[in-house]
Amino acid sequence: MGLKEGGKLGFGEELGDLDIKKETIKIGKMEAEVVDAELVLPNYLSFKRVQMYEKYPKGQARGRHWKHLKQIIQAENYQNYPPDEPNYVNIESPPSMHPCKKICDITGFEAPYHDPRTNLRYANTEVFRTIRLLSNDRVQRYLALRNAAIVLK
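For the sequence shown, our numbering begins at 1 and goes up steadily by one.
Because the hints were derived from the structure by calculation, they are not lab data.
Just so it is clear, the structure is predicted and the values come from calculations on it, not from any experiment.
Careful: at least some of the hints might be erroneous.
Pairwise CB distance ranges, derived in the manner of DEER restraints [what the hints assert, rightly or not]:
hint : residue 1 : residue 2 : range
1    : Asn136    : Ile73     : 45 to 51 Å
2    : Phe128    : Cys100    : 18 to 24 Å
3    : Asn119    : Pro94     : 25 to 31 Å
4    : Pro82     : Lys102    : 39 to 45 Å
5    : Leu69     : Phe47     : 14 to 20 Å
6    : Gln79     : Arg141    : 40 to 46 Å
7    : Asn119    : Ser93     : 52 to 58 Å
8    : Ile72     : Asn147    : 28 to 34 Å
9    : Lys102    : Arg132    : 39 to 45 Å
10   : Pro99     : Ala75     : 32 to 38 Å
11   : Leu69     : Arg146    : 25 to 31 Å
From the three backbone atoms N, C-alpha and C, an ideal C-beta is built for every residue, glycine too.
Please take these sequences and the hints and turn them into a complete structure.
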């Protein structure tokens, strides 16, 4: 903002041509000084290993990328292999020899206990209190979820 006659600032006035030229000259000098000083950041930081920058240039994702089963099947062209040869598509295994884990019917946590009255599995005393307050219809629904429902006729 330029000075008015008498040395007062004029807040509503536009900058004059001379003021604009002075500002652009100042900005141009500052940019030239920055370029001359070469205040450009180095390619790597001194406290980090250079190997990391060679492995993972800026913009590339780090870490290992896991392929999904569909990607593996498409990449390996399993349809071209003979049907007798085992692969990811036709592999079969016998049933497990270990017993399956017992899971709480309410919370989904591992359940070391089961209620003899309702036959529901539970993980702790809070869940046991909740089970005892459930209606018979709700108990049958929970048992039906794990295919242990008793069908009364």
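How the hints compare with the structure:
1. Asn136 / Ile73: 45 to 51 Å: Cβ of Asn136 to Cβ of Ile73: about 47 Å, so the range 45 to 51 Å holds.
2. Phe128 / Cys100: 18 to 24 Å: 22 Å Cβ-Cβ, so the 18 to 24 Å window holds.
3. Asn119 / Pro94: 25 to 31 Å: 29 Å, holds
4. Pro82 / Lys102: 39 to 45 Å: 42 Å, holds
5. Leu69 / Phe47: 14 to 20 Å: Violated - the Cβ-Cβ distance for Leu69 and Phe47, about 42 Å, lies outside 14 to 20 Å.
6. Gln79 / Arg141: 40 to 46 Å: 43 Å, holds
7. Asn119 / Ser93: 52 to 58 Å: 30 Å, violated
8. Ile72 / Asn147: 28 to 34 Å: 32 Å, holds
9. Lys102 / Arg132: 39 to 45 Å: Roughly 19 Å apart at Cβ, these two residues miss the hinted range, so it is violated.
10. Pro99 / Ala75: 32 to 38 Å: Given about 37 Å between the Cβ atoms, the range holds.
11. Leu69 / Arg146: 25 to 31 Å: Between Leu69 and Arg146, where Cβ atoms are some 27 Å apart, the hint holds.
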